[in-house]
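Enquirer: One line per chain: the protein sequences are P and V, in this order.
Here the first sequence stands for residues 1 to 137, where the numbers follow our numbering.
Here the second sequence stands for residues 138 to 440, where the numbers follow our numbering.
Some hints could be false.
Derived pair list, reagent style DSBU-like, types lysine-lysine, alpha-carbon separation capped at 30 Å [as the list claims (entries may be wrong)]:
1) V:Lys226 - P:Lys102
2) P:Lys40 - P:Lys86
3) P:Lys123 - V:Lys420
4) V:Lys281 - V:Lys217
5) V:Lys340 - V:Lys172
6) P:Lys136 - V:Lys281
7) V:Lys340 - V:Lys386
8) V:Lys281 - P:Lys125
9) P:Lys125 - V:Lys335
10) P:Lys100 - P:Lys7
11) V:Lys172 - P:Lys136
12) V:Lys386 - P:Lys136
13) P:Lys136 - V:Lys420
14) P:Lys125 - V:Lys420
15) P:Lys100 - V:Lys296
16) P:Lys102 - V:Lys331
17) V:Lys386 - P:Lys94
18) P:Lys102 - P:Lys46
These aren't lab readings, by the way, just hints derived from the structure by calculation.
Listed below, chain by chain, are the residues.
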Amino acid sequence: MTVDEIKNGIVLDHITAGKGMKIYNLLGLDNLECSIALIKNAPSRKMGKKDIIKIDADIELDTEIIGYIDPDITVNIIKNGKNVEKKTIELPQKLTNVLKCKNPRCISATEQELPHIFTLADKEKRIYRCLYCETKA
Amino acid sequence: MRSLIDILELSTEELDSLLATADDIIANPQKYAHKCDGKKLATLFFEPSTRTRLSFEAAMYELGGNVLGFSEAQSSSAAKGESVADTAKTVSCYADIIAMRHPKEGAPLVASMNASIPVINAGDGGHNHPTQTLADLLTIHREKGHFDNLTVGLCGDLKFGRTVHSLISALRRYNNVKFVFISPNELKIPSYVKESLKKEGIKYTETTDLEAVMPELDILYMTRVQRERFFNEEDYLRLKDSYILTPEKLTNAKADLSILHPLPRVNEISVAIDNDPRACYFKQVLYGKFMRMALILMLLEVE
């Protein structure tokens, strides 16, 4: 299967197979006017199979969100057809409105206007806790 | 400007300074009688708590200040659906400092993020209760004179007991403190607390048998199994009488054991123990007021 090379844009590579659609939705890519390719289950030497997203537009991406969903993703920035920057992603320190607190006693469960904020409590174990009640995500 | 939401926001140096101020207030109350003249404390109690509210009010009056507020959500605009954020902004226009109790965990933090005056967390659900911990710490400080090398038994509801969680957070920072967790299996200390103790190499043991561990304890912190923390009345009734401290159970206890309880008690400490010199829970109430006075002075930056 071939997908055209992009000139100026972003390639999200090494997405864990099956997570491509989730990342597509979370990044709000359906709102963009440009060409976007979501390739599922592409063969990968390193991973066996992987998902890839190619975005044919020079835009800013909130890589923090991606880091939470799939921290092994690489972000490639393409300028004039060349890969000018390859970024690996760290786990974000703070997630806003990505997760919802499950604790029915948390203030975020009753106050609809409050943003749902989680902070990274343990990097090794990838544990996030609610800013308000400290319940584990 | 700063608030106090979690006891861990205070460094050990700041805790030492608050303890020193409280000691000085106890020794020289007249010196502090007009420190807060013209200042107002708003007590916003969305959940009833006579003890904590009266302690805050007494603290502010003894500093020469005034108090306004409400003692249940029904008499506040929360009953009309006002958000915590809006309440905090509004009250900031009337008072100099807020003490807030709320049944929802994290509500005082939300208030502090929106208020333009300091906010003191006076208890948020089963989460934190830092000023109770200040009372507990002053009691231990006055009774023992130090925090290092103590074996601290915590007994009763260790799952929902916010005072327990806050006290552990504060005491774990001192040297060689050992915790003994005594509870029925259903009300055990949450795993995240144990995980974090393990990570820092802090010693702890867990048991269901209070009498077996009694001889090793320097401090015994009793708690009440609280009806309001249960969704299910059956579970509450089954567990409420799990641990009742009686004179017989103290037979093997150390002569200088200090028995603490955040109060109110229901029946978990027999009244027969009240006159035992090891019973410190009513002194603890008094110390709570002095620590709240010290805290108000610190947050209002009164010299």
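Enquirer: Would you mind marking each hint as holding or not holding in the structure?
Expert: Cross-check of the supplied hints:
1. V:Lys226 - P:Lys102: Holds - the C-alpha atoms of Lys102 of chain P and Lys226 of chain V are around 27 Å apart, at most 30 Å.
2. P:Lys40 - P:Lys86: Satisfied, since the Cα-Cα distance of roughly 21 Å is no more than 30 Å.
3. P:Lys123 - V:Lys420: 43 Å, violated
4. V:Lys281 - V:Lys217: Given that 30 Å is the threshold and the Cα spacing comes to 48 Å, the pair is violated.
5. V:Lys340 - V:Lys172: 42 Å, violated
6. P:Lys136 - V:Lys281: With Cα atoms ~36 Å apart, Lys136 of chain P and Lys281 of chain V exceed 30 Å; violated.
7. V:Lys340 - V:Lys386: 24 Å, holds
8. V:Lys281 - P:Lys125: Roughly 39 Å between the alpha carbons, so the hint for Lys281 of chain V and Lys125 of chain P is violated.
9. P:Lys125 - V:Lys335: OK: Lys125 of chain P and Lys335 of chain V at ~15 Å, within 30 Å.
10. P:Lys100 - P:Lys7: 38 Å, violated
11. V:Lys172 - P:Lys136: Cα-Cα ~42 Å, so violated.
12. V:Lys386 - P:Lys136: 37 Å, violated
13. P:Lys136 - V:Lys420: Measuring from Cα to Cα gives roughly 37 Å; hence the hint is violated.
14. P:Lys125 - V:Lys420: 43 Å, violated
15. P:Lys100 - V:Lys296: Distance ~22 Å between Lys100 of chain P and Lys296 of chain V Cα, so the pair holds.
16. P:Lys102 - V:Lys331: 21 Å, holds
17. V:Lys386 - P:Lys94: Roughly 48 Å separates the two Cα atoms, so the pair is violated.
18. P:Lys102 - P:Lys46: 36 Å, violated
Hint compliance for this structure: hints 3, 4, 5, 6, 8, 10, 11, 12, 13, 14, 17 and 18 are broken, all remaining hints hold.
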